[in-house]
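Sequence lines, in order, name chains A and B.
Whatever position you read off the first sequence (first residue = 1), add 2 for this note's numbering.
Whatever position you read off the second sequence (first residue = 1), add 2 for this note's numbering.
Everything labelled a hint here was simulated from the structure, so no lab data went into it.
Incorrect hints may appear among the rest.
Repeated chains share a single entry, so a pair holds when one copy, or any two copies, can fit it.
Within a straight-line C-alpha distance of at most 30 angstroms, the following computed DSSO-like cross-link-like pairs (lysine-lysine) qualify [said to hold, decoys possible]:
#, residue 1, residue 2
1, K169, K125
2, K248, K265
3, K265, K125
4, K51, K248
5, K89, K50
6, K145, K169
7, K169, K195
8, K67, K51
9, K50, K248
10, K89, K23
11, K169, K104
12, K125, K50
There are 2 protein chains.
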Amino acid sequence: MSCNSPIGVFDSGVGGLTVAKEIMRQLPDEQIVYFGDTARVPYGSKSKKTITTYTRQIVRFLQSKDVKAIVVACNTASAYALETVRKEVPVPMIGVVKPGAKAAAEATRNGRIGVIGTEGTIKSGIYTEFLSATNPNVTVFGKACPLFVPLVEEGWLQDPITVEVAKRYISELLDKDIDTLVLGCTHYPLLRKLIREVVGERVTLVNPAYETAVTLRTLLQERGLAHPKRDTLPEHTFFVSDGADKFREFANSILPCEVVETKDVNIESFEEEN
Amino acid sequence: MSCNSPIGVFDSGVGGLTVAKEIMRQLPDEQIVYFGDTARVPYGSKSKKTITTYTRQIVRFLQSKDVKAIVVACNTASAYALETVRKEVPVPMIGVVKPGAKAAAEATRNGRIGVIGTEGTIKSGIYTEFLSATNPNVTVFGKACPLFVPLVEEGWLQDPITVEVAKRYISELLDKDIDTLVLGCTHYPLLRKLIREVVGERVTLVNPAYETAVTLRTLLQERGLAHPKRDTLPEHTFFVSDGADKFREFANSILPCEVVETKDVNIESFEEEN
Chain A
3 MSCNSPIGVF
13 DSGVGGLTVA
23 KEIMRQLPDE
33 QIVYFGDTAR
43 VPYGSKSKKT
53 ITTYTRQIVR
63 FLQSKDVKAI
73 VVACNTASAY
83 ALETVRKEVP
93 VPMIGVVKPG
103 AKAAAEATRN
113 GRIGVIGTEG
123 TIKSGIYTEF
133 LSATNPNVTV
143 FGKACPLFVP
153 LVEEGWLQDP
163 ITVEVAKRYI
173 SELLDKDIDT
183 LVLGCTHYPL
193 LRKLIREVVG
203 ERVTLVNPAY
213 ETAVTLRTLL
223 QERGLAHPKR
233 DTLPEHTFFV
243 SDGADKFREF
253 ANSILPCEVV
263 ETKDVNIESF
273 EEEN
Chain B
3 MSCNSPIGVF
13 DSGVGGLTVA
23 KEIMRQLPDE
33 QIVYFGDTAR
43 VPYGSKSKKT
53 ITTYTRQIVR
63 FLQSKDVKAI
73 VVACNTASAY
83 ALETVRKEVP
93 VPMIGVVKPG
103 AKAAAEATRN
113 GRIGVIGTEG
123 TIKSGIYTEF
133 LSATNPNVTV
143 FGKACPLFVP
153 LVEEGWLQDP
163 ITVEVAKRYI
173 SELLDKDIDT
183 LVLGCTHYPL
193 LRKLIREVVG
203 ERVTLVNPAY
213 ETAVTLRTLL
223 QERGLAHPKR
233 DTLPEHTFFV
243 SDGADKFREF
253 ANSILPCEVV
263 ETKDVNIESF
273 EEEN
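Turn these sequences into a full structure, and let the hints steer you where they fit.
In structure tokens form, the structure reads like this:
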């Protein structure tokens with residue numbers, strides 16, 4: 003593990019690519035090893051125990067790639083598994099929730115913050131916890147939006163049906179007079195334009211990916227792990243637990259670099275030792 | 003394995019309960035061991051290879067419960083894994099696709115049949131294959147409806163948004179002048195009323211669960227495996243790979259019997275030997 007090692011980034015599927023994209027933009031010298039758990043997606047409706055088991059397997063896989071840091075680019079895994087698993091590994095791990103909460107606490111003017119995410123993320127109450135720790139005066143309103151992920155995967159990003167679903171989910175938050183809304187699932191930035199239309203101009207939308215990349219840069223610099231300036235762009239690598247071709251197609255539609263190859267991994271074989 | 007042994011029924015999650023319910027109705031003396039793979043749901047978007055691995059693990063688990071027959075109450079697993087896995091086990095296995103195709107081929111008058119299902123079921127072309135084998139003169143039109151499962155799980159069974167989604171998916175089949183529509187995913191019977199409104203009275207809706215229970219009864223009788231008449235109802239047992247409480251709640255809302263307990267199983271530990 004040295005400054006030449008790659009950064010491990012993982013998510014339940016394709017959503018974490020929005021985080022990988024932000025890391026590529028802000029830290030262009032860092033090489034990324036991405037893992038998408040496409041066989042077991044979605045994580046949002048699964049239990050804490052199961053998400054922790056899956057996270058351990060993936061962290062074990064990423065360690066086999068000699069990563070120098072791990073970004074949990076999945077809100078549900080950040081909410082349910084990060085605190086437990088980070089204590090078990092020597093590699094620094096960061097999630098997307100804490101940076102997202104920090105950005106929201108700084109953005110709000112009236113102290114009323116909405117958070118949308120999966121059932122697991124909202125039920126965990128983790129955004130409320132981090133937001134209250136940053137600023138005890140904020141009031142947080144959470145709302146699970148379980149149809150957003152399948153709507154994104156269906157590709158209905160600018161669709162009247164998706165608008166109706168978004169209105170249904172978000173209107174109760176608007177009724178609470180929120181001025182800031184956290185996109186608490188990595189799929190949701192792909193619906194940003196549509197969500198903007200639903201919430202209007204007065205609400206600040208927070209995408210935790212931006213702040214996560216900032217946190218990662220600070221961490222690497224503090225530990226002397228930042229990669230020296232490169233002359234050419236690094237070659238990122240992509241692994242999934244199922245459907246490599248489908249993943250590659252999606253990745254090429256949203257990433258600035260070309261994804262030449264995506265490899266299949268039997269993630270269940272990365273068992274825990276204990 | 004004797005006539006006193008239970009029937010194994012499995013699905014990716016709760017959808018297969020519509021099949022279990024039909025078996026309980028038609029074969030009230032048979033005891034059911036149900037497994038719902040709630041940790042890895044949904045199956046519909048996963049690859050053949052992955053679905054086959056999962057099916058093998060589940061069949062191995064059900065065999066540990068000494069089942070006398072296995073019902074693959076999941077269209078995707080029936081489409082992708084049944085033919086392969088049934089050759090590997092001594093217990094008779096039936097799926098929902100063949101019985102559903104038979105019922106549809108018998109129901110159609112104009113020979114134009116629509117099939118709705120998950121991406122995996124539709125892409126496999128298995129309904130077309132079985133329907134054509136039964137009646138070479140039928141024309142089959144398939145349509146994947148990936149939002150139906152999350153809409154059912156959201157509980158929006160009689161919702162204007164679900165009506166809009168259904169119209170979007172099904173209108174192209176109606177344009178093809180179908181007179182029969184196969185509900186090719188075990189979640190879809192829960193949307194039956196809404197789908198009926200969308201297709202009108204002229205289209206026959208086929209729920210493969212009914213015909214699957216008929217096929218199972220015939221199979222048990224032929225092999226001398228039917229359970230003798232009981233005085234009291236058998237005690238069914240339910241296992242899941244995640245979220246036992248949530249599953250039990252859902253099961254109690256749709257089954258005629260009370261589900262007292264649902265147990266968690268670590269299904270990944272039922273590894274293949276080869």
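Exercise for review: Could you check the structure against the hints above and give me the numbers of any it violates, in ascending order?
Suggested key: The structure breaks none of the hints.
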